[in-house]
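Please construct the entire structure, taking both the sequences and the accompanying hints into account.
Chains as they are written, first to last, in the UniProt record's numbering: chain A, 1 to 519; chain B, 1 to 519.
Some clues are possibly wrong.
Since the list can't tell identical chains apart, any single copy or any two copies may satisfy a pair.
Derived EDC-like pairs (lysine to aspartate or glutamate); straight-line CA-CA distance at most 16 Å [stated by the list, open to error]: (1) 272 to 112; (2) 227 to 198; (3) 227 to 472; (4) 272 to 108.
Hints are computed from structural coordinates only; laboratory data are not their basis.
Take a look at the letters that make up each chain.
There are 2 protein chains.
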Amino acid sequence: MNGAQALLHTLVNADVQVCFSNPGTSEMHLVAALDTVPRMRGVLCLFEGVATGAADGYGRMASAPAAVLLHLGPGLANGLANLHNARRAGTPILNIVGDHATYHQRYDAPLESDIHALAGSVSGWIRRSARSRDVPADAAEAVAAALTPPGQVATLILPADVCWSEGAQPATPVRSRPASPVHDSVVESAAAVLKSGEPCALLLGGGATRRHGLEAAGRIAAATGAKLLCETFPARLERGAGLPAVERLAYLGEMAAAQMTGLRHLILAGAKRPVSFFAYPNQPSDLVPEGCQVHVLAGDGDDAAGALAHLADLVAGGVAPPVQQPSRPEPPSGPLTAEKAAAVIGALLPEDAIVSDESNTSGLWLAGATAGAPPHDWLTLTGGAIGQGMPLATGAAIACPSRPVVCLEADGSAMYTLSALWTQAREGLDVTTVIFNNGSYAVLNMELARVGADPNSAGEAARSMFDLSRPDLDFVSLAQGMGVPAGRARTAEELAAQFGKALSEPGPHLIEAVVPSVF
Amino acid sequence: MNGAQALLHTLVNADVQVCFSNPGTSEMHLVAALDTVPRMRGVLCLFEGVATGAADGYGRMASAPAAVLLHLGPGLANGLANLHNARRAGTPILNIVGDHATYHQRYDAPLESDIHALAGSVSGWIRRSARSRDVPADAAEAVAAALTPPGQVATLILPADVCWSEGAQPATPVRSRPASPVHDSVVESAAAVLKSGEPCALLLGGGATRRHGLEAAGRIAAATGAKLLCETFPARLERGAGLPAVERLAYLGEMAAAQMTGLRHLILAGAKRPVSFFAYPNQPSDLVPEGCQVHVLAGDGDDAAGALAHLADLVAGGVAPPVQQPSRPEPPSGPLTAEKAAAVIGALLPEDAIVSDESNTSGLWLAGATAGAPPHDWLTLTGGAIGQGMPLATGAAIACPSRPVVCLEADGSAMYTLSALWTQAREGLDVTTVIFNNGSYAVLNMELARVGADPNSAGEAARSMFDLSRPDLDFVSLAQGMGVPAGRARTAEELAAQFGKALSEPGPHLIEAVVPSVF
Numbered sequence: 001m002n003g004a005q006a007l008l009h010t011l012v013n014a015d016v017q018v019c020f021s022n023p024g025t026s027e028m029h030l031v032a033a034l035d036t037v038p039r040m041r042g043v044l045c046l047f048e049g050v051a052t053g054a055a056d057g058y059g060r061m062a063s064a065p066a067a068v069l070l071h072l073g074p075g076l077a078n079g080l081a082n083l084h085n086a087r088r089a090g091t092p093i094l095n096i097v098g099d100h101a102t103y104h105q106r107y108d109a110p111l112e113s114d115i116h117a118l119a120g121s122v123s124g125w126i127r128r129s130a131r132s133r134d135v136p137a138d139a140a141e142a143v144a145a146a147l148t149p150p151g152q153v154a155t156l157i158l159p160a161d162v163c164w165s166e167g168a169q170p171a172t173p174v175r176s177r178p179a180s181p182v183h184d185s186v187v188e189s190a191a192a193v194l195k196s197g198e199p200c201a202l203l204l205g206g207g208a209t210r211r212h213g214l215e216a217a218g219r220i221a222a223a224t225g226a227k228l229l230c231e232t233f234p235a236r237l238e239r240g241a242g243l244p245a246v247e248r249l250a251y252l253g254e255m256a257a258a259q260m261t262g263l264r265h266l267i268l269a270g271a272k273r274p275v276s277f278f279a280y281p282n283q284p285s286d287l288v289p290e291g292c293q294v295h296v297l298a299g300d301g302d303d304a305a306g307a308l309a310h311l312a313d314l315v316a317g318g319v320a321p322p323v324q325q326p327s328r329p330e331p332p333s334g335p336l337t338a339e340k341a342a343a344v345i346g347a348l349l350p351e352d353a354i355v356s357d358e359s360n361t362s363g364l365w366l367a368g369a370t371a372g373a374p375p376h377d378w379l380t381l382t383g384g385a386i387g388q389g390m391p392l393a394t395g396a397a398i399a400c401p402s403r404p405v406v407c408l409e410a411d412g413s414a415m416y417t418l419s420a421l422w423t424q425a426r427e428g429l430d431v432t433t434v435i436f437n438n439g440s441y442a443v444l445n446m447e448l449a450r451v452g453a454d455p456n457s458a459g460e461a462a463r464s465m466f467d468l469s470r471p472d473l474d475f476v477s478l479a480q481g482m483g484v485p486a487g488r489a490r491t492a493e494e495l496a497a498q499f500g501k502a503l504s505e506p507g508p509h510l511i512e513a514v515v516p517s518v519f
Numbered sequence: 001m002n003g004a005q006a007l008l009h010t011l012v013n014a015d016v017q018v019c020f021s022n023p024g025t026s027e028m029h030l031v032a033a034l035d036t037v038p039r040m041r042g043v044l045c046l047f048e049g050v051a052t053g054a055a056d057g058y059g060r061m062a063s064a065p066a067a068v069l070l071h072l073g074p075g076l077a078n079g080l081a082n083l084h085n086a087r088r089a090g091t092p093i094l095n096i097v098g099d100h101a102t103y104h105q106r107y108d109a110p111l112e113s114d115i116h117a118l119a120g121s122v123s124g125w126i127r128r129s130a131r132s133r134d135v136p137a138d139a140a141e142a143v144a145a146a147l148t149p150p151g152q153v154a155t156l157i158l159p160a161d162v163c164w165s166e167g168a169q170p171a172t173p174v175r176s177r178p179a180s181p182v183h184d185s186v187v188e189s190a191a192a193v194l195k196s197g198e199p200c201a202l203l204l205g206g207g208a209t210r211r212h213g214l215e216a217a218g219r220i221a222a223a224t225g226a227k228l229l230c231e232t233f234p235a236r237l238e239r240g241a242g243l244p245a246v247e248r249l250a251y252l253g254e255m256a257a258a259q260m261t262g263l264r265h266l267i268l269a270g271a272k273r274p275v276s277f278f279a280y281p282n283q284p285s286d287l288v289p290e291g292c293q294v295h296v297l298a299g300d301g302d303d304a305a306g307a308l309a310h311l312a313d314l315v316a317g318g319v320a321p322p323v324q325q326p327s328r329p330e331p332p333s334g335p336l337t338a339e340k341a342a343a344v345i346g347a348l349l350p351e352d353a354i355v356s357d358e359s360n361t362s363g364l365w366l367a368g369a370t371a372g373a374p375p376h377d378w379l380t381l382t383g384g385a386i387g388q389g390m391p392l393a394t395g396a397a398i399a400c401p402s403r404p405v406v407c408l409e410a411d412g413s414a415m416y417t418l419s420a421l422w423t424q425a426r427e428g429l430d431v432t433t434v435i436f437n438n439g440s441y442a443v444l445n446m447e448l449a450r451v452g453a454d455p456n457s458a459g460e461a462a463r464s465m466f467d468l469s470r471p472d473l474d475f476v477s478l479a480q481g482m483g484v485p486a487g488r489a490r491t492a493e494e495l496a497a498q499f500g501k502a503l504s505e506p507g508p509h510l511i512e513a514v515v516p517s518v519f
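This is how it looks when you write it as structure tokens:
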């Protein structure tokens with residue numbers, strides 16, 4: 001068989017079952033091979049950023065890599081922003097980039113560019129297959145590399161002739177390295193810190209924000225009085241009624257500082273040392289308070305949940321973790337605001353929902369409003385590259401076809417990768433998207449003042465750069481143009497009726513929630 | 001003044017008048033400075049690929065750089081594909097990328113990534129300003145670098161603190177190097193080749209596809225019998241009634257080979273040696289026929305039009321160039337096809353139009369149908385990275401506000417950067433977009449067979465990767481959702497009526513031309 005066919009056989013044997021694709025001529029043999037390997041599901045995306053974001057959503061929920069199929073350097077470039085978010089999330093992704101035939105590269109044809117340089121900015125592993133018969137083994141290693149804890153983007157560059165040439169045979173899967181167990185002495189030293197009686201917090205990230213890690217952390221907090229925090233933008237946070245509640249570190253540095261005031265010890269479990277998202281004049285980049293010592297219980301690639309369980313056994317004995325009690329907001333009424341929209345969502349969020357949250361400023365009240373909803377997963381914008389939410393929801397829905405997916409999306413961010421809706425319609429995915437349409441890049445209204453730009457000199461020209469009205473975006477028309485049923489809500493009652501109806505029906509829906517800007 | 005203000009003053013003094021922007025927090029001081037430098041026009045784009053493609057369109061028409069303002073590595077990544085096309089077009093662009101404050105970079109905040117690696121893939125010049133007072137001189141050099149013949153992407157990376165710190169003063173413009181004159185001996189040797197009587201062709205590219213180069217080349221061809229060809233995807237081709245006609249080298253290698261059959265000499269004037277766009281099994285990458293000698297009259301950065309004028313003086317004495325006679329296709333009727341759509345466009349194309357052509361397979365008949373239309377500029381997809389057409393039209397309309405812009409756009413390509421329509425609506429740009437909606441990536445239907453994929457094994461799964469129906473894209477709804485009036489044409493008469501009306505009214509319009517697929 002040819003390299004392309006052997007590749008797909010190798011991937012399905014390694015449990016890579018989905019390929020989010022936006023192919024071109026140099027990938028035609030890979031596309032043709034889909035018919036010879038029906039266990040591989042090709043999912044067409046109309047833009048590469050949708051494909052890579054969907055692979056991120058799939059990987060976060062399946063804990064297994066999806067493949068992405070991209071077209072040369074420019075196709076990879078279009079997919080980079082969401083691969084950047086995936087890199088920050090520690091998501092396993094097999095990123096396949098088709099290239100010109102090996103002998104064609106030196107002619108500098110129009111699409112030739114430096115694929116390796118682009119891939120290097122997001123990948124933990126890169127290889128270019130040189131011969132058809134190398135492809136299967138390279139692919140098996142790529143899958144294992146993608147799964148290397150905590151998970152990473154593995155980029156496999158496949159020249160066209162390497163795919164179309166015969167002489168390849170499927171390779172057997174390569175076992176991936178498990179998460180590294182944390183040494184007893186590290187756990188014991190954290191236990192000593194917790195028992196010191198000094199003010200202490202646990203900061204959870206990575207795998208520690210799933211049920212097992214949270215329960216262990218909850219026990220530790222209950223037994224020792226340590227504060228429980230998780231990173232600002234967790235890749236996947238399990239939360240809701242019956243799970244231990246954890247406070248997310250605030251986006252704004254001064255609010256994060258307030259959360260950590262008075263701490264003498266900060267124990268990191270799968271999280272990085274907290275830093276300010278952006279720099280601001282005369283504000284610290286490092287958010288750890290003075291006099292607070294930082295202890296790494298589990299770093300990147302370590303078994304953070306296992307370390308927390310061990311630590312809980314040392315300091316919390318038979319203590320059970322306190323859990324969030326069920327509670328729902330009262331259904332609000334009247335003209336819609338971001339706060340009321342959050343209450344509607346909290347009142348109706350279905351059990352086992354997957355929430356893709358890119359609501360930005362309009363999402364300010366969501367955490368509170370949904371805290372006591374039935375258990376659900378919350379996926380956030382890990383790398384700050386907007387345009388993640390709708391692709392992420394798409395991939396999550398493919399990974400978990402029996403779970404309802406809710407995508408909470410800011411208007412400005414939605415416009416980056418809107419064609420995810422088309423893929424949702426084509427694949428019949430059960431995704432309910434709520435667009436918070438406040439007619440602006442509201443976060444920049446806030447940031448303009450925070451970075452110290454003179455509000456007297458920043459006038460109409462500056463503010464027009466945040467203004468998404470003139471003309472208004474009509475997300476109902478945009479969704480319908482891609483085959484997704486849609487409606488507009490201007491009151492809390494309208495949102496509740498439309499959100500409830502969308503959740504009760506299969507397939508994708510979109511609701512444009514018209515809200516005033518928070519800033 | 002601060003670095004940002006000094007930057008904008010320096011740019012407007014260097015005749016950079018437009019900044020296509022998609023800013024974020026790290027660019028807030030640059031945005032704030034817009035109000036202190038009102039001569040700089042900020043144009044908001046909802047996606048970075050729109051901003052970079054618009055700068056390409058602006059630069060091709062203005063022969064002067066626009067600035068682009070992007071947000072860190074991920075923002076640059078989103079803009080790379082159209083910067084790739086601009087690189088291939090030799091378009092001057094000042095690419096400004098905001099970065100974290102200098103002291104913040106080492107904290108590896110979520111948006112941190114390798115900006116330099118990304119910029120390197122498309123830029124001819126890169127610099128990171130280290131201090132506020134360096135910004136103006138760096139910017140002046142960047143503008144000169146962008147204008148270095150034939151034109152290139154110059155990337156200036158500006159850390160946030162370098163923009164917000166005081167102590168900068170505007171810099172005076174730096175003179176850019178002009179195109180290199182071609183040495184007499186090179187011109188004389190080309191003249192000898194032309195006079196040899198052996199079969200010869202001129203292949204024009206770069207600056208040689210504008211009126212002066214074409215007229216000189218037309219004289220040479222008339223006097224010597226040399227064949228007149230231009231590169232497959234010229235950045236800007238002046239054509240139509242009253243201009244010398246030039247045949248574009250075909251996209252398909254075998255057709256290009258046929259155009260060059262029997263040649264003994266190929267003289268390159270601003271064009272590269274012709275190579276196949278993609279590699280195909282058992283097809284040559286190099287398209288120059290055996291026994292044909294290649295002569296470089298003018299390479300990258302040389303004054304190709306000047307060299308042609310000199311050459312014409314040597315071989316064509318007082319010969320006048322033969323020019324295209326005016327002619328328009330008969331207005332067709334009945335159900336619309338791509339061929340009839342081309343005839344409608346040829347019948348109605350207004351004088352002095354700028355055509356942004358990303359019609360791909362549906363555009364097969366456009367060259368013939370518009371050959372005798374009133375004089376116009378034709379802009380093509382130079383780098384093969386689809387999603388160029390609508391941003392390019394946007395920037396061209398800003399560069400040339402008194403000229404009608406016509407954007408001929410394939411359905412699949414349109415979906416990459418569709419939000420260009422919103423910027424057209426906001427800025428009131430006179431752009432008439434015709435979407436050729438054939439419900440497929442039709443070029444891939446053709447390429448699948450051409451790369452030798454077995455049509456028996458490539459079945460439903462493969463073909464679904466080219467299928468843009470299920471669900472159908474409704475471009476009328478999509479355009480209306482971004483504030484652009486739109487209609488749908490299913491017959492030639494409907495297209496003619498709507499196209500004529502759109503051209504007669506100011507502001508943007510979109511027509512969805514429903515056509516069967518050519519392949």
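Against the structure, the hints:
| no. | hint | verdict |
| --- | --- | --- |
| 1 | 272 to 112 | between (38 Å within a copy, 14 Å between copies) |
| 2 | 227 to 198 | within (11 Å within a copy, 87 Å between copies) |
| 3 | 227 to 472 | neither (44 Å within a copy, 52 Å between copies) |
| 4 | 272 to 108 | between (42 Å within a copy, 10 Å between copies) |
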